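**Q** Fit chain B to the known structure of chain A by using the hints.
Protein chains in written order, with this note's numbering: chain A, 7 to 308; chain B, 7 to 308.
You may find that some hints are simply not true.
Pairs count within a copy or across copies, as identical chains cannot be separated in the list.
Stated by the list, open to error - With a Cα cut of at most 30 Å, we get these calculated DSS-like pairs of lysine-lysine: (1) LYS197 with LYS91; (2) LYS265 with LYS211; (3) LYS193 with LYS205; (4) LYS168 with LYS146; (5) LYS48 with LYS281; (6) LYS91 with LYS194; (7) LYS26 with LYS194.
For the record, the hints were derived by calculation from the structure and aren't laboratory data.
Given the structure is predicted, the values throughout are model-derived calculations rather than measurements.
Number of protein chains: 2
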Amino acid sequence: MSLLTIGTVAFDAIETPFGKTDKIIGGAAPYISLAASYFTKKINLVAVVGDDFPQAYIDLLQNHGVNTEGLQIKKGEKSFFWAGKYHDDLNSRDTLVTELNVLADFDPIIPQSYQDCKVVMLGNLTPTVQRTVIERMERKPQLIVMDTMNFWMDIALDELLKTIKLVDVLSINDSEARQLSGEYSLKKAAKKILGMGPKYLIIKKGEHGALLFGENQIFYAPALPLEEVFDPTGAGDTFAGGFAGYLCQSEIINFTAMKRAIIYGSALASFCVEKFGTEGIIGLSHEAIEARARLFTEMVTV
Amino acid sequence: MSLLTIGTVAFDAIETPFGKTDKIIGGAAPYISLAASYFTKKINLVAVVGDDFPQAYIDLLQNHGVNTEGLQIKKGEKSFFWAGKYHDDLNSRDTLVTELNVLADFDPIIPQSYQDCKVVMLGNLTPTVQRTVIERMERKPQLIVMDTMNFWMDIALDELLKTIKLVDVLSINDSEARQLSGEYSLKKAAKKILGMGPKYLIIKKGEHGALLFGENQIFYAPALPLEEVFDPTGAGDTFAGGFAGYLCQSEIINFTAMKRAIIYGSALASFCVEKFGTEGIIGLSHEAIEARARLFTEMVTV
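So that you can see chain A by itself, here it is in the shape it has in the complex (with noise of 0.2 Å):
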């Protein structure tokens, strides 16, 4: 069984405390498919981008095993660009270029081949697009992850709740789970939340690590304190491909899987933070996921 994923598929351009780079590929999808490419080989992307991204970068993403049948690519159009600088405690950081681009428009189609699917992870997007994709799955998949962000809370807030009331799981950080739910408590936030339809929430607190919310039930994982981060660039992302990753290929899909999935998220998203752009997630050894999943889980044990 596939993961479906959508997502921008971006050029960024990044400055951190560390270091510049030129246009590199970005956007929410690599991220997502890179992590999750490493628990499942049928990833499936829906994307778009214009003619000038380089086949080179598409070839990175099959290499890694992701189908890009779903990938369009627009014949004289350019693809989204972002460009962004991060302040020196690489917590927070100022966009410098937002170009639409292609996605202005993005209307996604779903390849036929991509039906038989199991995990549909929902990348960062215009929520109208998002919910799009749910509506033209010919069955329901088992599982439907929605990563969003503050962005649409301010402008599109409708349609958002639109989108979260078809999703299971809802993915975003702890300032948009209070702006969304108008609760400064977390675990006040995350019961309103969860009356918005989805059944699971995460609340991801970067640095603090993130928080799986169920009914009645909490899941705390810790982020591992790193020695270096160089570009925090999606890391989100790479946590939420990890995690619908491992969820793929999970047998049952529950609560305690998805404890297993936030590990495994949290981990991948640790190799992310670690490089420039996507760097830190490509070609990882199974080995070096399992021994970095292990330190989060013996981190916390009594």
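**A** Using the frame of chain A, we list chain B on its own:
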């Protein structure tokens, strides 16, 4: 074997978004002593108050098994007074009043009956006074734990470093660890601070939990997401008191015991913030503490 603790004993006037108190019992030492009292009944307090300090507050401590022989009551002088107002998110506060009063020339006298001592818990106070306590111990205790804050890093760094050099465990928060070490990465910060003398470092991260660093060892105790936080005052002191109290009754004091000590410290702190001032940590049952501690360990169990 007993716990010796030193710290401020004060009047606090607290304002949070949920209410306001008149002058109530405050300061590091009452929180430390009350929290520790659930683990050991031999708590020897060294502190100073003015003769304006109500006998009822001293009774409260004594009723929790705290020996107040070392509590100096200065005739005709006034007790330390602090007033603060928390912002809406409860994560930051403004200090409205700080009146040192008796604290200005506090000379910590150790009664002879306090000398047989297993654990010393140095609550946040002038580092010189903390060091005087260590110097006045006739036999080295098994463990010296020190809590401090950024204020002393700002105005008395040399004195602070001299005291840190003499302790076994240092307990500070994340921004203080960054300030003290000059490192943003907490892992690097811990390495540097462990080079300053202590064998163990606790980094408190408030609602995100606490980290314990030993030589090549890390333990992460997340904080329990709470429905309501009414008043964060004294949470760090309560944590320290629970930690030191637990170790005082532990047969062996090592990294493994400290993990459990951190869980109990965190559990006590979670009770503390649910009510105003010390109210949340008065008259708790052992069953309630055990049940709360279990929530902390269950929450991270994969």
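**Q** Evaluate each hint against the coordinates.
**A** Quick rundown of the hints versus the structure:
1. LYS197 with LYS91: The answer is between: 29 Å across copies meets 30 Å, while 35 Å in one copy does not.
2. LYS265 with LYS211: both (16 Å within a copy, 23 Å between copies)
3. LYS193 with LYS205: Within one copy only: 15 Å inside, 35 Å across.
4. LYS168 with LYS146: within (17 Å within a copy, 65 Å between copies)
5. LYS48 with LYS281: within (26 Å within a copy, 52 Å between copies)
6. LYS91 with LYS194: Between copies only: 24 Å across, 33 Å inside.
7. LYS26 with LYS194: between (40 Å within a copy, 23 Å between copies)
In the structure shown, no violation is registered for any of the earlier numbered hints.
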